[in-house]
Amino acid sequence: MLDLILFYFFATLAIVSAVLVVTRRNAVHSAIFLITALLATAGIFLQLQAEFVFIVQIILYVGGIMVLFVFVIMLVNLDVTLRQMQFNRGWLVGLVLAVALGAQLAYALFLGRNVQLTGPAGGELSAQNTEQVGQVLFQNYLLPFEIASILLLVAMIGAVVMAKKRI
Amino acid sequence: MVPTSHYLFLSLALFTIGVVGVVTRRNVIIILMSIELILNAVNINLVAFAHLWKQVSGQVFAIFIITDAAAEAAVGLGIIIAFFRNRETVLADEMDLLKW
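Keeping their order, the protein sequence lines are chains D and H.
The first sequence begins at 1 in this note's numbering and counts up one residue at a time.
The second sequence begins at 1 in this note's numbering and counts up one residue at a time.
Bear in mind the hints are in silico, worked out from the structure with no lab data behind them.
For clarity, every value in this text was computed on a predicted model and none was experimentally measured.
Backbone N, C-alpha and C fix where the C-beta goes; we use that ideal spot for every residue, glycine too.
One thing to keep in mind: the hints can contain errors.
So, partial list: chain H residues that the calculated Cβ filter (under 7 Å) puts toward chain D [said to hold, decoys possible]:
{"#": "1", "residue": "3"}
{"#": "2", "residue": "12"}
{"#": "3", "residue": "14"}
{"#": "4", "residue": "24"}
{"#": "5", "residue": "35"}
{"#": "6", "residue": "53"}
{"#": "7", "residue": "65"}
{"#": "8", "residue": "67"}
{"#": "9", "residue": "78"}
{"#": "10", "residue": "81"}
{"#": "11", "residue": "86"}
To spell it out: a stretch of chain D is covered by chain H in this simulated footprint if at least three of its residues, at any positions, have a beta carbon under 8 Å from a beta carbon of chain H; those stretches are [said to hold, decoys possible]:
{"#": "12", "segment": "25 to 34"}
{"#": "13", "segment": "86 to 98"}
Computed Cβ-Cβ distance ranges for the label pairs, DEER-style [said to hold, decoys possible]:
{"#": "14", "chain 1": "D", "residue 1": "87", "chain 2": "H", "residue 2": "98", "range": "19 to 25 Å"}
{"#": "15", "chain 1": "D", "residue 1": "114", "chain 2": "H", "residue 2": "87", "range": "50 to 56 Å"}
{"#": "16", "chain 1": "D", "residue 1": "97", "chain 2": "H", "residue 2": "85", "range": "31 to 37 Å"}
{"#": "17", "chain 1": "H", "residue 1": "86", "chain 2": "D", "residue 2": "116", "range": "53 to 59 Å"}
{"#": "18", "chain 1": "H", "residue 1": "97", "chain 2": "D", "residue 2": "134", "range": "43 to 49 Å"}
{"#": "19", "chain 1": "D", "residue 1": "114", "chain 2": "H", "residue 2": "85", "range": "52 to 58 Å"}
{"#": "20", "chain 1": "H", "residue 1": "86", "chain 2": "D", "residue 2": "121", "range": "26 to 32 Å"}
Whole structure, please, built from the sequences with the hints as guidance.
Structure follows, in structure tokens:
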């Protein structure tokens with residue numbers, strides 16, 4: 001019971017702030033609401049016994065990426081864009097198409113509501129979530145991990161090169 | 001114990017809101033934020049299935065997706081800064097240098 005209440009609390013928080021992210025005029029307000037949505041998602045992760053992903057979400061997303069976003073919003077001049085139209089000319093078409101896509105996916109989920117999924121057997125989520133994640137990450141997924149680090153290096157160099165005034 | 005379908009529907013709702021943001025907004029920064037919303041919806045799915053099957057691989061993939069999101073945000077915001085310096089705009093439909 002408490003699980004469901006917590007889930008609905010976090011889910012409502014996430015959805016309401018996501019809607020506000022998309023509809024607010026001021027990009028700073030959008031960023032603040034995106035932070036709320038990300039924190040609510042972090043709560044969902046905690047409920048799903050993913051403590052490491054929870055803390056990574058807070059430190060990396062809320063502490064890192066969102067600070068970067070707010071920084072860039074301050075760098076680009078917002079006063080001009082605030083007075084301009086916020087939505088595309090074809091926004092209604094886009095909205096209808098996106099909602100149709102969502103309805104299709106919801107219908108697919110609804111069709112599969114009675115399917116019994118069979119996953120890989122013998123899994124166990126231990127209480128030491130961080131150790132377990134670390135073991136799987138460095139034993140089964142060592143190559144993807146190294147590729148991800150190369151990707152981060154490339155992204156870092158690319159961001160520096162592009163944001164530089166004169167190369 | 002919350003059924004897994006609840007998480008799937010939450011993820012679906014966040015994904016749809018993100019797609020709406022990407023296709024309707026003009027401000028490029030808000031489009032990037034909507035992409036972050038979409039990536040978060042994917043993460044909820046992965047972690048929910050990791051919990052359903054008691055496999056930790058889903059959480060590892062969620063971490064990879066967060067890494068990708070960080071890389072994408074860094075490069076995207078770099079592009080926005082470079083473009084704003086040249087054209088003085090952050091609106092997506094005014095970025096039409098390649099359009100004749």
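Going down the list of hints, with the structure as the test:
1. 3: Because about 9 Å separates residue 3 of chain H from the closest Cβ in chain D, which is outside the 7 Å limit, the hint is violated.
2. 12: 5 Å, holds
3. 14: With a minimum Cβ separation of about 6 Å from chain D (threshold 7 Å), the hint on residue 14 of chain H holds.
4. 24: With a closest approach of 4 Å, the residue 24 of chain H hint holds.
5. 35: 11 Å, violated
6. 53: Cβ of residue 53 of chain H sits 3 Å from chain D, so the hint holds.
7. 65: At about 10 Å, which exceeds the 7 Å cut-off, the nearest Cβ of chain D leaves the hint on residue 65 of chain H violated.
8. 67: 5 Å, holds
9. 78: 4 Å, holds
10. 81: Result: holds, 5 Å to nearest chain D Cβ.
11. 86: Check failed: Cβ of residue 86 of chain H comes no nearer than 11 Å to chain D, outside 7 Å.
12. 25 to 34: holds (count 4)
13. 86 to 98: Per the Cβ count (9), the hint holds.
14. D:87 with H:98: 19 to 25 Å: 23 Å, holds
15. D:114 with H:87: 50 to 56 Å: With a Cβ separation near 54 Å, residue 114 of chain D and residue 87 of chain H satisfy 50 to 56 Å, so the hint holds.
16. D:97 with H:85: 31 to 37 Å: With Cβ atoms ~33 Å apart, the hint holds.
17. H:86 with D:116: 53 to 59 Å: 56 Å, holds
18. H:97 with D:134: 43 to 49 Å: 46 Å, holds
19. D:114 with H:85: 52 to 58 Å: Distance hint for residue 114 of chain D, residue 85 of chain H holds at roughly 56 Å.
20. H:86 with D:121: 26 to 32 Å: Once the Cβ atoms are compared, 56 Å apart, the range 26 to 32 Å for residue 121 of chain D and residue 86 of chain H is violated.
When the structure is compared with the earlier hints, violations turn up for hints 1, 5, 7, 11 and 20 and for no others.
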